[in-house]
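Listed in order, the protein sequences are those of chains X and E.
Residues 1 to 482, numbered by this note's numbering, are exactly what the first sequence covers, in order.
Residues 1 to 482, numbered by this note's numbering, are exactly what the second sequence covers, in order.
In case anyone wonders, no lab produced these hints; they're calculated from the structure.
One or more of the hints may lead you astray.
Derived pair list, reagent style PhoX-like, types lysine-lysine, alpha-carbon separation capped at 25 Å [what the hints assert, rightly or not]: (1) E:162 / X:117; (2) X:35 / E:274; (3) E:22 / X:130; (4) X:274 / E:22; (5) X:35 / E:22; (6) X:381 / E:35; (7) X:162 / E:130; (8) X:138 / E:162.
Covered by chain X, according to a simulated footprint, are these stretches of chain E (three or more residues, beta-carbon under 8 Å) [as the list claims (entries may be wrong)]: (9) 53 to 61; (10) 111 to 117; (11) 144 to 156; (12) 218 to 229; (13) 333 to 344; (14) 391 to 404; (15) 430 to 442.
The C-beta atom is built at its ideal place from N, Cα and C for all residues, glycine as well.
Chain by chain, the residues run as shown.
There are 2 protein chains.
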Amino acid sequence: MYHDFEPVKNRPVYIQVMDYVKRLITEGALLAHQKLPSTRELSTLLRVSRNSVIEAYTRLEEDGFLYVANNQGSFVAASSVPAEPPVCQLEWKPRLNERASLAEELDLMKHGIRAGKGTISFTSIAPDEKLFDLDPVKRAFLDRMAVEGNVLLNYGYAKGYKPLIDYLLQYMSHKGVDLHGKDLLVTSGFTEGLDIVLSALSRSNGAILCENPTHNTAIKNFKLHGFAITGIGMEPDGVHLGELERALRERTYDCAYFVPSYHNPTGIVMSPEKRMALMRLMARYQVPVIEDGFNEELRYSGSHVAPLIATAGRGNGVIYVGSFSKVLFPGLRVGWVLADRELIGYLESLKRARTIHTSTIDQAILYQYLYNGNLDKYVRKARAVYKRKYEWTLECCRTYLPYAQVSGDGGLHLFLTFEESFRTRELLAACSRKGVIFTPGDIFYTDGKGGNTLRLGFSRVSDEDIAKGIRIIGEQAELLRS
Amino acid sequence: MYHDFEPVKNRPVYIQVMDYVKRLITEGALLAHQKLPSTRELSTLLRVSRNSVIEAYTRLEEDGFLYVANNQGSFVAASSVPAEPPVCQLEWKPRLNERASLAEELDLMKHGIRAGKGTISFTSIAPDEKLFDLDPVKRAFLDRMAVEGNVLLNYGYAKGYKPLIDYLLQYMSHKGVDLHGKDLLVTSGFTEGLDIVLSALSRSNGAILCENPTHNTAIKNFKLHGFAITGIGMEPDGVHLGELERALRERTYDCAYFVPSYHNPTGIVMSPEKRMALMRLMARYQVPVIEDGFNEELRYSGSHVAPLIATAGRGNGVIYVGSFSKVLFPGLRVGWVLADRELIGYLESLKRARTIHTSTIDQAILYQYLYNGNLDKYVRKARAVYKRKYEWTLECCRTYLPYAQVSGDGGLHLFLTFEESFRTRELLAACSRKGVIFTPGDIFYTDGKGGNTLRLGFSRVSDEDIAKGIRIIGEQAELLRS
Chain X
1 MYHDFEPVKN RPVYIQVMDY VKRLITEGAL LAHQKLPSTR ELSTLLRVSR
51 NSVIEAYTRL EEDGFLYVAN NQGSFVAASS VPAEPPVCQL EWKPRLNERA
101 SLAEELDLMK HGIRAGKGTI SFTSIAPDEK LFDLDPVKRA FLDRMAVEGN
151 VLLNYGYAKG YKPLIDYLLQ YMSHKGVDLH GKDLLVTSGF TEGLDIVLSA
201 LSRSNGAILC ENPTHNTAIK NFKLHGFAIT GIGMEPDGVH LGELERALRE
251 RTYDCAYFVP SYHNPTGIVM SPEKRMALMR LMARYQVPVI EDGFNEELRY
301 SGSHVAPLIA TAGRGNGVIY VGSFSKVLFP GLRVGWVLAD RELIGYLESL
351 KRARTIHTST IDQAILYQYL YNGNLDKYVR KARAVYKRKY EWTLECCRTY
401 LPYAQVSGDG GLHLFLTFEE SFRTRELLAA CSRKGVIFTP GDIFYTDGKG
451 GNTLRLGFSR VSDEDIAKGI RIIGEQAELL RS
Chain E
1 MYHDFEPVKN RPVYIQVMDY VKRLITEGAL LAHQKLPSTR ELSTLLRVSR
51 NSVIEAYTRL EEDGFLYVAN NQGSFVAASS VPAEPPVCQL EWKPRLNERA
101 SLAEELDLMK HGIRAGKGTI SFTSIAPDEK LFDLDPVKRA FLDRMAVEGN
151 VLLNYGYAKG YKPLIDYLLQ YMSHKGVDLH GKDLLVTSGF TEGLDIVLSA
201 LSRSNGAILC ENPTHNTAIK NFKLHGFAIT GIGMEPDGVH LGELERALRE
251 RTYDCAYFVP SYHNPTGIVM SPEKRMALMR LMARYQVPVI EDGFNEELRY
301 SGSHVAPLIA TAGRGNGVIY VGSFSKVLFP GLRVGWVLAD RELIGYLESL
351 KRARTIHTST IDQAILYQYL YNGNLDKYVR KARAVYKRKY EWTLECCRTY
401 LPYAQVSGDG GLHLFLTFEE SFRTRELLAA CSRKGVIFTP GDIFYTDGKG
451 GNTLRLGFSR VSDEDIAKGI RIIGEQAELL RS
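This is chain X alone, in the form it adopts within the complex (with noise of 0.2 Å):
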């Protein structure tokens, strides 16, 4: 634009100027509200005086083809543009496939239930973010800005970056893990990793194993993949094994998905005989797992309970999936998948396709965070305090709803089952009129079941409102039931 502007001699330029930005209007190579160039660029594309642009914009913006917002510069009026550029107007809905679609519909940020104002909302499981420790944070940035910034700023690799991964890595092998024959990618969270590896597997009638019930996302994510789903019951101690060799036995399964420390909802956390065997079970049948690790930081007593992977020793059927994201800070999405070197091989070149890598700084922040020593310190005090919330919580069940099963070792939630023949719906809508919301439990079911349940995500809620919130569920849930 604006090379083919060949003034006339004897005619005053600006009026040349005025006709020629003009035309540009008419022909529609300038559109309504689109700025102009400055009068002092204008001069120089066009190789005449500066005076001559601007006697030329005056005399457009008098005659209404230009407009002057408030020191911007000037813009082409609405009303100067030719009649219509040239309008398509689609219906996109058909144009969408399946997958779009079910996205929208199992969307429950978008058909969920909502808290308004001054609700006492039990609904989420993440951290209070009232705990974070920001100083610890803005240190780390700041190191790391101080060490390499230009290159954190500039593009990173698909794999992550590597004083992160190396970090991981380390971290993973303390908790037992033999890294043997084994690599880790970086990814923009748990949801990303558990995603990638859902894509690498899926298959036309592909089929997944779970617990049931399980982590209403990773539900979604299995649906969105296509996979038919079988979930396998829960037993105090996580997930009925005898049901599970029986599923196994009726056919082939693509892989199978556990979550096997405080359990999402049920808050269960897997004994360690009960890993040993479940890792025999899948080892027999050759189905790979997929390790759900998104909570297992947040264990309130002392003790290590291996995960699966370790349970696995050098034997390379476990995916493990982990996040700091329930422990220190969502807002970083920063997560890893640590299995086989050649699987990783190609879970990196998916994620290189998607989004060429997790955000550097993200990844700079967590490292130099770790790195000073702050994980430790800021999980001491934030399990102190969930447990004491967890404790209190379980309190308030048991004042309010003495007739609720309560399952839950710890975490950030807590799950309740009335009788069988209760609806946890319904209780919603009455409570939800009383100012009070949790999730109803069905939505983590594989098969329409546990309108009897309901979580309770505690993180959030002030002790006084968890009481309070509670006393009106277990109100709403004795009028319901008698």
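Using the hints, position chain E against chain X.
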């Protein structure tokens, strides 16, 4: 774990603790190199004196069951664990789907040309990190952390960080976009934006139109989403409209992908007249357009060329995918999709299912950096540098490669076309031995052509190396041509 310890009377407690820990080890509940609780923790868990635990640990160490790592505590010795945990050794390759294999196969970072130490590399079109202004970035981070640090570190929204969304909407409206009926989704860079759009529009037997040659990552992602690709040849002012119309008459397409500004790899800027004609054509055939705005900010002159989405006026047929990665900091993985509001709703749900949301820290830094008024200043500086480099590279090409046709109106690269029979892969092999590499042009072609072309990315090469590198390319080309 540690809950079933039941001490008996009249037997030294430390021995009972020893036996208990031994049992956990031999039963496999404690694994090789797993960390044990501290003596203080274990004494609390088992309800025994700390001295008993200290004694037990000392003996276990003597017996070879444990080892002590310098000040990090006691760990289970490898020799003490049971023969073998359940071993599951899977062969992963046959378990992966076609998408995973294809992603690996098309991964240029793995199978592309690698630069050895001291090599002059023209393969990158990333910005030159020496130009980055770190202080305003630090300032932006600290400013935003001071305002709402706690919020930034907790979960955000799939659609994006509200202040950034509002800023980008205004930014796009200044480019002449009619925002009526449109909305914006923040993504983890341009690539995620494109990938999410493709994942919503793909279907079995899907088909896509694009320029030929075009952005090689886009070609990769079209293939990963199973699209049949029809490439349309280029003219000096952009895509060949006659050829495009012939293609549109022949079959239906799910969408088309265009890079109107500083097209990758040819560097061509589509003329305003052609943009208007292109949009008329696409409106007539009702084919949605994905507009790649990746390079749009890198214009060297002051003239504004309206993006296709502005040319489309109120029409909803254009999906604009933008990014500041080529002009600002690619390490901040932030891009955006501007499109029809209903469509954005679906893309938002897909985004949520994949990564929950884009790094809030990245979005907040970018927002505050823009808000603080750094973009214009930085872009002016960067443009001046790149413009000079562009002209220098052009001059070197004319000096050392007078027989190669050069295209590229600016941006961070030039595109060279040699005589039909010339093979730039052979040239690359020869140059590589002399310490110079570039990107062979065939990877940008949808139909295997372009064997006589190459792309020269100059953004990260010094003036001296540009001259030296192009001289070497010229010498090797002469040898091959003679």
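(request) Would you pick out the hints that fail for this structure and give their numbers low to high? (result) 3, 5, 9, 10, 14 and 15
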